[in-house]
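2 protein chains.
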Amino acid sequence: MIFVILHLAMSEKLNNPSCATCGARQKSVFCSLNSDQLVQMDEHKGCDFYKKGETIFKEGAIARGLFCVNKGKIKLSRMGPSGKEQIVRFAKGGDIIGYNSMLSRRPLSATASCLEDSAVCFIPSQQFFALIKKDPNFSLKILELTAKNWDDASRLITDMAQKTTKQRLAEMLLWLKETFGLDEDNCIDVKLSREEIANMVGTATEAVIRLLADLKKENLIALEGKKIKMLDIHGLVMLADLID
Amino acid sequence: MIFVILHLAMSEKLNNPSCATCGARQKSVFCSLNSDQLVQMDEHKGCDFYKKGETIFKEGAIARGLFCVNKGKIKLSRMGPSGKEQIVRFAKGGDIIGYNSMLSRRPLSATASCLEDSAVCFIPSQQFFALIKKDPNFSLKILELTAKNWDDASRLITDMAQKTTKQRLAEMLLWLKETFGLDEDNCIDVKLSREEIANMVGTATEAVIRLLADLKKENLIALEGKKIKMLDIHGLVMLADLID
DNA sequence: TCTAAAGTATGATATTTGTCATACTTCACT
DNA sequence: AGTGAAGTATGACAAATATCATACTTTAGA
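Heads up: the protein sequence lines correspond to chains A and B, in order. In terms of the working numbering, the first sequence opens at residue 5 and continues consecutively. In terms of the working numbering, the second sequence opens at residue 5 and continues consecutively.
Do not take every clue at face value.
Note: identical chains are not told apart, hence a pair may lie in one copy or across any two.
[Unchecked claim] Calculated cross-link-like contacts (lysine-lysine; reagent style DSSO-like; alpha-carbon spacing at most 27 Å): (1) Lys220 x Lys145; (2) Lys221 x Lys137; (3) Lys49 x Lys231; (4) Lys56 x Lys221; (5) Lys230 x Lys88; (6) Lys75 x Lys96; (7) Lys138 x Lys221; (8) Lys55 x Lys75.
Hints were generated in silico from the structure; no laboratory data involved.
Please model the entire structure based on the sequences and the hints provided.
Put into structure tokens, the structure is as follows:
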């Protein structure tokens, strides 16, 4: 009996870690909520676990709330006209996803799927809008976040439109480095297939394979399976931006 | 003497048309402001006139406020790495521009220049933030606007990355049609050079010229100088989206 | 009205990139 | 450990696109 109670208690703890003690929250838009607001959040939120490859939400669905990543790595992608996946963004601990659809009053514009096992909290729409309406600081934070996202996106449009495939690949490697950082070996700290990289760059898988080999020949990166080691970041920046 | 007074009165009216009676405002994010808020706006705003080709603000500068288009057509573009212009957005009467930079706390990410003679009001940063902080409805409107802009941009990223030049051109023509509408002749109601179209599509001017000729041969459009007549919108949609 | 400059158009050619075919390698699963 | 499936790699070829050259047309300004 005691075991059962303990088990339930642990299970509850795991499924609903407290926002007050959540490390990911410190890095998120929820970082400056007061304790009242946190209690409210805790009461209404739920935390779910997803295995690598699982889908959190799908493009086209109506958003009922937003998701706050507690742990893990997530890719956001949309389907192109010919059925080809286009990766438009990544999320990691502390990032929120799925909120834009509520703000724009449009269906979800991307599919979120896990690049590794992840823990993701769900915060219902009402809670989100309550915060926006009652807390101007939170509202400004969301505005800043959305504004930055838009700014980044319009930068990406220019790049996609004007740069060669090789430059775009170099740029994506740098973007991945910024997003996920480097491990102790100077390798980008996320594992993506060549196909997934192609779906970021917007090219064919074969092209990515060839161009990665080129970058290796030019001593800008080293390759070891899926691991990509950054050898010459400055060189990649020059290549990507044509500053030469 | 009377003439002088009249002249001054007219001049003042022209340079500072009242927000309360502004037709463009009805279509803008400022549409539901109350009379107190309008008086505040009128006191602090200023209206400027720009000739075709003139620049309203430049990429990289720090925004001191936002601009609300009263009349005219404006293109927003950024410089690509090799000095090539990339058009990322358009604005017309009722649209606001330059606000994203204040929200993202980053320098202006695009240059705004007039496609035709335009009247544009300037609203200082403080006024804008005062509205956001005091009026949750206004705040939500800006959030919705920014969210939609981001959504559109990420859609555009997918298109740029995956579609052929011809598909992108078709898409841009449809976008121009949505933005500026058609005149009585079914022609897109804005005049752009082939080079400017190329700077939207992200390709060379020659490619645009050739592809426009192709579209004409396929009876999707008709050409008459800078005027582009939409003959088969459904056909263009099919071409752009590969729905066939 | 004339002229220079800008914009438009077209051809030839080089380069890039996509596509298809094929083989090798790694990984998960029994 | 063996097997099949997925992922990675490479070559050959086709298609798309950029680039350069050149000529024609329109526009703005003297």
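Results of checking the hints against the structure:
Proximity of Lys220 to Lys145 under the C-alpha cut-off of 27 Å is found in neither arrangement, the shortest distances being 41 Å within a copy and 48 Å between copies. In the homo-oligomer, the alpha carbons of Lys221 and Lys137 never lie at most 27 Å apart, since the shortest distance is 55 Å inside one protomer and 54 Å across protomers. For a Cα distance limit of 27 Å, the shortest separation of Lys49 from Lys231 qualifies neither inside one copy, at 36 Å, nor across copies, at 55 Å. Proximity of Lys56 and Lys221 under a CA criterion of 27 Å is satisfied in neither setting, with 32 Å inside one chain copy and 50 Å between copies.
In this assembly of identical chains, Lys230 and Lys88 lie within 27 Å of each other by CA distance solely inside one copy; the values are 21 Å within and 35 Å between copies. Taking identical chains as interchangeable, the C-alpha atoms of Lys75 and Lys96 lie at most 27 Å apart only when both belong to the same chain, with a minimum of 7 Å there against 44 Å between chains. In this assembly of identical chains, Lys138 and Lys221 lie within 27 Å of each other by CA distance neither inside one copy nor across copies; the values are 56 Å within and 58 Å between. In this homomeric assembly, Lys55 and Lys75 come within 27 Å of each other (Cα to Cα) only inside a single copy, at 12 Å, whereas the closest approach across copies is 53 Å.
In terms of the numbered hints stated before, the structure departs from hints 1, 2, 3, 4 and 7, listed from lowest to highest.
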